[in-house]
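Full structure from sequences and hints, please.
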Amino acid sequence: MHKQRVGVLTFIVLAAGLLAFVALLPFPGTSRTCIQITMWTPIAASASTSLELLLRKKIWSGLSLLAAICVVVASVEFS
Amino acid sequence: MDAGLSGTDWVLLSLVAALAGAFGSLFGIGGGIVLVPILIAFFGIDTELARSASLVAVSVTSMAGSLVYLREGVTDLDSASFLQLPTAIGAVLGALLGGVIDPRAIKIGFACVILFVSYRLIRHATLKPRTGPPTKSEWGFALLACLSAGILSSLLGVGGGLVFVPTLTMLLHRGARESSATSTYLIGLTGAASALIYAKAGHMDYALTAPVALGILIGAQVGARVSKHIPAQKLSYAFAGVMVVNAVLLVNKAVQGA
Numbered sequence: 001m002h003k004q005r006v007g008v009l010t011f012i013v014l015a016a017g018l019l020a021f022v023a024l025l026p027f028p029g030t031s032r033t034c035i036q037i038t039m040w041t042p043i044a045a046s047a048s049t050s051l052e053l054l055l056r057k058k059i060w061s062g063l064s065l066l067a068a069i070c071v072v073v074a075s076v077e078f079s
Numbered sequence: 001m002d003a004g005l006s007g008t009d010w011v012l013l014s015l016v017a018a019l020a021g022a023f024g025s026l027f028g029i030g031g032g033i034v035l036v037p038i039l040i041a042f043f044g045i046d047t048e049l050a051r052s053a054s055l056v057a058v059s060v061t062s063m064a065g066s067l068v069y070l071r072e073g074v075t076d077l078d079s080a081s082f083l084q085l086p087t088a089i090g091a092v093l094g095a096l097l098g099g100v101i102d103p104r105a106i107k108i109g110f111a112c113v114i115l116f117v118s119y120r121l122i123r124h125a126t127l128k129p130r131t132g133p134p135t136k137s138e139w140g141f142a143l144l145a146c147l148s149a150g151i152l153s154s155l156l157g158v159g160g161g162l163v164f165v166p167t168l169t170m171l172l173h174r175g176a177r178e179s180s181a182t183s184t185y186l187i188g189l190t191g192a193a194s195a196l197i198y199a200k201a202g203h204m205d206y207a208l209t210a211p212v213a214l215g216i217l218i219g220a221q222v223g224a225r226v227s228k229h230i231p232a233q234k235l236s237y238a239f240a241g242v243m244v245v246n247a248v249l250l251v252n253k254a255v256q257g258a
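Chains A and B, in that order, give the protein sequences.
Using the numbering used here, the letters of the first sequence map in sequence onto residues 1 to 79.
Using the numbering used here, the letters of the second sequence map in sequence onto residues 1 to 258.
Everything labelled a hint here was simulated from the structure, so no lab data went into it.
Where hints are given, some of them may not hold.
For lysine to aspartate or glutamate, the following EDC-like pairs were computed, each having C-alpha atoms within a straight-line distance of at most 20 Å [to be verified]:
no., chain 1, residue 1, chain 2, residue 2
1, B, K200, B, D46
2, B, K200, B, E48
3, A, K57, B, D78
4, B, K200, A, E77
5, A, K58, B, D102
6, B, K136, B, D78
If you want the ones that stay clear, here's a sample from chain B, every Cβ over 12 Å from chain A, calculated [as the list claims (entries may be wrong)]:
no., residue
7, G44
8, V58
9, I108
10, T209
11, I216
Derived coverage of chain A by chain B (criterion: at least 3 residues anywhere in the stretch with Cβ under 8 Å from a Cβ of chain B; other residues may be distant) [to be verified]:
no., segment
12, 12-22
13, 53-63
Glycine is no exception: its CB is placed at the ideal position from the N, C-alpha and C atoms.
See below:
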């Protein structure tokens with residue numbers, strides 16, 4: 001049962017990202033923004049999952065995911 | 001770096017991506033394994049641009065598929081969180097290597113991976129899932145497998161689900177549907193990380209990527225919903241057949257230097 005509860009915030013972030021992508025795509029000149037949204041949404045969703053896991057006292061899995069996000073963001077910034 | 005798409009190409013790309021997204025979501029492999037060879041072999045798109053478009057598509061497949069699986073509560077977020085760190089490290093390593101490797105070598109490497117995946121799909125269709133909690137050594141192998149999945153994902157523009165699904169099933173003893181759901185979630189961060197690095201390096205055509213991402217989005221929703229109702233074994237054989245044809249076309253392109 002905990003899997004369903006932990007995923008609530010992740011679900012909301014993913015849905016918001018997809019909604020933004022679909023809503024912006026029909027407008028001309030928005031391809032870049034749409035693609036940027038789809039690239040950052042999974043990172044934001046992972047951050048949400050991490051937060052949810054930490055709040056549920058699943059410290060190691062939460063911290064592990066947080067470290068993965070840090071690796072991704074650092075590599076994008078310094079590449 | 002513009003692919004120069006006509007209106008017909010835009011629609012055709014969306015349709016092909018929809019099909020790839022449906023297959024990807026159905027098998028938890030992200031769709032990139034189907035999409036990249038088609039973009040290169042049939043649409044004549046550069047390997048680098050096809051790879052980055054596919055990685056964005058992989059992220060969208062993950063987002064759309066995960067919405068369905070999260071709502072059903074079959075995604076194992078706890079295990080996914082542990083597997084995400086080695087995967088992210090692998091994805092970054094792969095993206096750094098991807099800029100310096102010959103595209104022909106990538107095409108041939110991709111063909112080899114496709115043939116391996118086809119073999120796995122046929123074999124997996126006849127395997128029984130293992131039960132009981134995984135041992136420490138199995139967890140160790142799973143983390144190593146995820147590191148290699150990250151590298152593979154970045155280099156070839158695929159989701160890495162072709163490694164995640166067997167890893168979750170065979171090493172972490174998860175059921176087929178739970179493995180597909182968790183793999184679908186995992187490929188999101190992997191694909192996004194690699195795509196962002198390629199985009200920053202200028203290896204991305206946004207005009208090409210947009211229809212591909214839209215098609216994948218639609219296809220992934222369909223795939224995740226019908227996965228419960230389709231006889232997996234027959235579909236695996238058909239899918240493997242299509243992938244073998246893709247592999248032959250890719251090797252032909254690489255040999256011709258296209």
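Here is how each hint holds up against the structure:
no. : hint              : result
1   : B:K200 with B:D46 : holds, 17 Å
2   : B:K200 with B:E48 : holds, 13 Å
3   : A:K57 with B:D78  : holds, 12 Å
4   : B:K200 with A:E77 : holds, 9 Å
5   : A:K58 with B:D102 : violated, 43 Å
6   : B:K136 with B:D78 : holds, 16 Å
7   : G44               : holds, 20 Å
8   : V58               : violated, 9 Å
9   : I108              : holds, 26 Å
10  : T209              : violated, 5 Å
11  : I216              : violated, 10 Å
12  : 12-22             : holds (count 6)
13  : 53-63             : holds (count 5)
In summary, the numbered hints that this structure violates are 5, 8, 10 and 11.
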